[in-house]
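Colleague: The primary structure of each chain is shown beneath.
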Amino acid sequence: MLDLTPAALALLALLPLAPVADEPPPPPAEPPQATVWEFLVDKYDANEDGRITKKEYTGISERWKLLDLDGNGWIDEEEVESRGRVAKPRPDKKKVTAPKVGRKAPTFELEVVTDPAHLPEERPDGEEEPGKDPKKDGKDAKDAKDAKPKEPETIALADFRGKRPVALIFGSYT
Amino acid sequence: MHATYGDEVEFLMVYIREAHALDSPWPMGGKDGAPIVEDPVTYGERKDVAQRCMQALDMSPMTMLIDGIDNEVGDTYAAWPDRLYLVDEKGKVAYAGGPGPYAFEPDELEDAIRAKLDLEPIQRKPKKKGK
Chain D
4 MLDLTPAALA LLALLPLAPV ADEPPPPPAE PPQATVWEFL VDKYDANEDG RITKKEYTGI
64 SERWKLLDLD GNGWIDEEEV ESRGRVAKPR PDKKKVTAPK VGRKAPTFEL EVVTDPAHLP
124 EERPDGEEEP GKDPKKDGKD AKDAKDAKPK EPETIALADF RGKRPVALIF GSYT
Chain X
-12 MHATYGDEVE FLMVYIREAH ALDSPWPMGG KDGAPIVEDP VTYGERKDVA QRCMQALDMS
48 PMTMLIDGID NEVGDTYAAW PDRLYLVDEK GKVAYAGGPG PYAFEPDELE DAIRAKLDLE
108 PIQRKPKKKG K
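Sequences listed follow chains D and X, in order. If you read the first sequence in my numbering, its first letter stands for residue 4, the second for the next number, and so on. If you read the second sequence in my numbering, its first letter stands for residue -12, the second for the next number, and so on.
The set of hints was computed from the structure by calculation and includes no laboratory data. A virtual CB, placed ideally from N, CA and C, is assigned to each residue, including glycine. There could be a bad hint or two in this list.
Restraint ranges, calculated between C-beta atoms of paired labels, are given here [unchecked claim]: (1) X/Gly78 with D/Thr38: 42 to 48 Å; (2) X/Gly55 with D/Thr38: 28 to 34 Å; (3) D/Thr56 with X/Asp94: 46 to 52 Å; (4) D/Asp73 with X/Arg101: 51 to 57 Å; (5) X/Thr(-9) with D/Gly105: 23 to 29 Å.
Whole structure, please, built from the sequences with the hints as guidance.
Modeller: Shown next as C-alpha cells:
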C-alpha cells in the first residue's frame, strides 16, 4: 500500500468514497521504489561505480549543493541516506500574505492537468486505428496531420463567478 | 466531500511547488514512505509530477490545475506547502484556511461549504490539542 504524507491523506479526505467491495482497486501508477539512493544512482551514476560525481549529476547546480552536504564533489549512499531535514529558511524569502475572508479572491487562469490514463493511446506511425479505412479516411488523415496542435485546456477562477462557489485545494505530491 | 457537494461547489486542486522534494531543504521520500520527487525546474517537469500524483492518488474525479513554474498563483495565495480556500459566487474569499500541514483542516472547509449552502452544521467532537 502506498504510504502517504499527511497533506496527501487530507486531500484524499476530499475525494469520493472508495468503490464498492466487488470492484477491484485501480493498479498503482508507479512501480514500488525502495530508497532515494536507488533512485539517484539509477538516474545519474553513468559509470555505475556506486558514486555520483558532480560531473555525472545533470540537475541544476543549486540542487547539487543540497545533496553534496560535505562539499567533496561526490555523493554516495551513506551521505544520501543519512540526510535528515536541513534547518534552512524557505527557498524564497518573499513575505506572503494570504487573501483574507471578505476580500476579492485573486484571479488566475491555469492549465488543466490531464490524467494520462484517460488520454487516447498513441499509435506507431503508419498503424491505423482498428475499423478505420486508410483510403476512405485519407482526406481526414491529411486534415488531421495538417491541423494545428490542440491548445491545452485552461480554467479561470472567473469562469465560476455568478455560477457556483469554488473550493481551492493547493498542494503537491510530496 | 467532492462526492457530497460536487454538484453545487466546484472543487479545483491547484498543483504547486513541491513540499518535500528530495533535493529541497526538507527532503522526504523513499524509505520514509513518501514519493521520491526531484524538485521540478521546468513547467514540463512539474506537469509530469502532477500527472504522477493524479494517477497514484486516483484523483481524476477532481479537476487539477497546474501552477506556473514561477509559482505565481501559489505565492499569491500563500499556499505553500498546502492550503484550502473557498471562493463564493461573487469572487470573494468565503474561507481561508491556515497554512499546512498543521493548519490544513478539511473539516473547516466542509463547515464553510455547508454554511455557504445553508446546510445544518456538522456536530464535531472538539479536537484534542497536542501536548
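Colleague: Checked against the structure, which of the hints given earlier come out wrong?
Modeller: none
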